[in-house]
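Asker: Chains as they are written, first to last, in our numbering: chain A, 3 to 74; chain R, 3 to 74.
Keep in mind that the hints are not guaranteed to be accurate.
Stated by the list, open to error - Only pairs whose alpha carbons sit at most 27 Å apart, straight line, appear in this in silico BS3-like list of lysine-lysine: (1) K7/A / K6/R; (2) K54/A / K13/R; (3) K19/R / K19/A; (4) K45/R / K7/A; (5) K19/A / K72/R; (6) K72/A / K7/R; (7) K7/R / K19/R; (8) K54/R / K13/A; (9) K6/A / K7/R; (10) K54/A / K6/R; (11) K54/A / K45/R; (12) K72/A / K19/R; (13) K13/A / K45/A.
Note that these hints are calculated values from the structure, not bench results. Please read all numbers here as calculations on a predicted model, not as lab measurements.
So the chains spell out like this:
2 protein chains.
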Amino acid sequence: MIDKKYGLTLKKLRIEKGLSQEELAARVGLHRTYISQLERGLKSPSLRTIEKICGELCISLTTFMVHLEKDE
Amino acid sequence: MIDKKYGLTLKKLRIEKGLSQEELAARVGLHRTYISQLERGLKSPSLRTIEKICGELCISLTTFMVHLEKDE
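Please model the complete structure; the sequences and the hints are all you need to start from.
Answerer: Right under this line is the structure:
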């Protein structure tokens with residue numbers, strides 16, 4: 003459930019930044035397949051991954067969680 | 003680094019709640035050793051674990067991250 007919310011938030015913010023899954027994946031050093039799995043809520047990201055992705059989206063962890071909890 | 007910050011924040015909020023590592027561990031269904039490792043920044047928690055622990059601390063993910071990023 004929380005992973006699903008994370009995925010939806012990630013997808014929304016990635017698209018707002020105009021990044022493709024491939025571009026985001028390359029920037030954070032992860033595989034595109036993994037980004038796709040995250041966006042579909044199929045994986046629970048580690049805090050380290052969450053931080054790395056937030057960094058590339060130019061957003062703080064707090065702001066990310068505001069989006070995630072707002073979209074509940 | 004982020005795991006270290008998470009651990010320090012977790013420890014601070016757990017103590018504020020008057021919970022021992024054992025009590026928190028029992029409530030979230032994790033081993034006390036794992037809570038100890040988290041507090042020392044030796045493990046990177048999954049989002050699912052972060053959410054579960056926040057639930058027991060009666061705190062939202064957003065508020066937890068405010069504490070974490072404030073303590074930087």
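Asker: Each hint needs a verdict: does it hold in this structure or not?
Answerer: To see whether the hints hold, each was checked on the structure:
no., hint, verdict
1, K7/A / K6/R, "holds, 25 Å"
2, K54/A / K13/R, "holds, 23 Å"
3, K19/R / K19/A, "violated, 38 Å"
4, K45/R / K7/A, "holds, 23 Å"
5, K19/A / K72/R, "holds, 25 Å"
6, K72/A / K7/R, "holds, 24 Å"
7, K7/R / K19/R, "holds, 18 Å"
8, K54/R / K13/A, "holds, 23 Å"
9, K6/A / K7/R, "holds, 25 Å"
10, K54/A / K6/R, "holds, 15 Å"
11, K54/A / K45/R, "holds, 16 Å"
12, K72/A / K19/R, "holds, 25 Å"
13, K13/A / K45/A, "holds, 14 Å"
The structure is inconsistent with hint 3 alone, although it conforms to all the rest.
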